[in-house]
Amino acid sequence: MSKPTTMPAPPQLKVLGCFLDKLPPMIARKEVKYFTGGAISPKSVSNDDYLGNGPRVRMKMGDAVVYPTPFFLAYLEEKGVKIIVPPSF
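The numbering used here puts the first residue of the sequence shown at -15, with every later residue one more than the last.
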């Protein structure tokens, strides 16, 4: 049996931290498209994982790959996600 590993400390979120309490604790890779409004596909995240550019922490639950939400949001921030507030007239 392999030794258990410890989870790294959650990253500091600069932009998307306001969404932490509105999202589930884990986001399944196959549901990434839903949680990003279709902006990012599960295949894109899978490719980034393969290249070492994906979310810093991932877990396997059966056949599913899941990401702890803080690490997934940090990944989105690293990809350049910004909140844009349109000017009011």
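Read the hints as simulated data drawn from the structure, not as lab findings. Model, not experiment: these values are computed from the prediction. Glycine included, every Cβ here is placed at the ideal spot set by N, Cα and C. Check each hint, because a few of them may be wrong.
Capping the alpha-carbon separation at 25 Å, the derived lysine-lysine pairs in PhoX-like fashion look like this [claimed, not checked]:
1. K44 - K(-13)
2. K66 - K44
3. K17 - K27
4. K27 - K14
5. K6 - K63
6. K(-2) - K66
7. K17 - K(-13)
8. K27 - K(-13)
9. K66 - K(-13)
10. K(-13) - K63
11. K44 - K6
12. K66 - K27
13. K6 - K(-13)
14. K17 - K6
15. K63 - K27
16. K63 - K(-2)
17. K27 - K44
18. K63 - K44
19. K66 - K14
Simulated restraints, written as ranges between beta carbons of each label pair [said to hold, decoys possible]:
20. L7 - K44: 12 to 22 Å
21. G36 - V(-1): 38 to 48 Å
22. G46 - V69: 21 to 31 Å
23. F73 - S28: 27 to 37 Å
24. N31 - P71: 29 to 39 Å
25. S30 - P71: 13 to 23 Å
26. G46 - G21: 34 to 44 Å
27. P(-8) - F73: 12 to 22 Å
28. I68 - K(-13): 40 to 50 Å
29. N37 - E15: 31 to 41 Å
Evaluated hints:
| no. | hint | result |
| --- | --- | --- |
| 1 | K44 - K(-13) | 16 Å, holds |
| 2 | K66 - K44 | 29 Å, violated |
| 3 | K17 - K27 | 9 Å, holds |
| 4 | K27 - K14 | 9 Å, holds |
| 5 | K6 - K63 | 21 Å, holds |
| 6 | K(-2) - K66 | 10 Å, holds |
| 7 | K17 - K(-13) | 33 Å, violated |
| 8 | K27 - K(-13) | 30 Å, violated |
| 9 | K66 - K(-13) | 38 Å, violated |
| 10 | K(-13) - K63 | 32 Å, violated |
| 11 | K44 - K6 | 23 Å, holds |
| 12 | K66 - K27 | 22 Å, holds |
| 13 | K6 - K(-13) | 33 Å, violated |
| 14 | K17 - K6 | 17 Å, holds |
| 15 | K63 - K27 | 15 Å, holds |
| 16 | K63 - K(-2) | 13 Å, holds |
| 17 | K27 - K44 | 16 Å, holds |
| 18 | K63 - K44 | 23 Å, holds |
| 19 | K66 - K14 | 23 Å, holds |
| 20 | L7 - K44: 12 to 22 Å | 20 Å, holds |
| 21 | G36 - V(-1): 38 to 48 Å | 23 Å, violated |
| 22 | G46 - V69: 21 to 31 Å | 41 Å, violated |
| 23 | F73 - S28: 27 to 37 Å | 36 Å, holds |
| 24 | N31 - P71: 29 to 39 Å | 36 Å, holds |
| 25 | S30 - P71: 13 to 23 Å | 38 Å, violated |
| 26 | G46 - G21: 34 to 44 Å | 26 Å, violated |
| 27 | P(-8) - F73: 12 to 22 Å | 45 Å, violated |
| 28 | I68 - K(-13): 40 to 50 Å | 45 Å, holds |
| 29 | N37 - E15: 31 to 41 Å | 20 Å, violated |
Checked against the numbered hints above, the structure breaks hints 2, 7, 8, 9, 10, 13, 21, 22, 25, 26, 27 and 29 and satisfies the rest.
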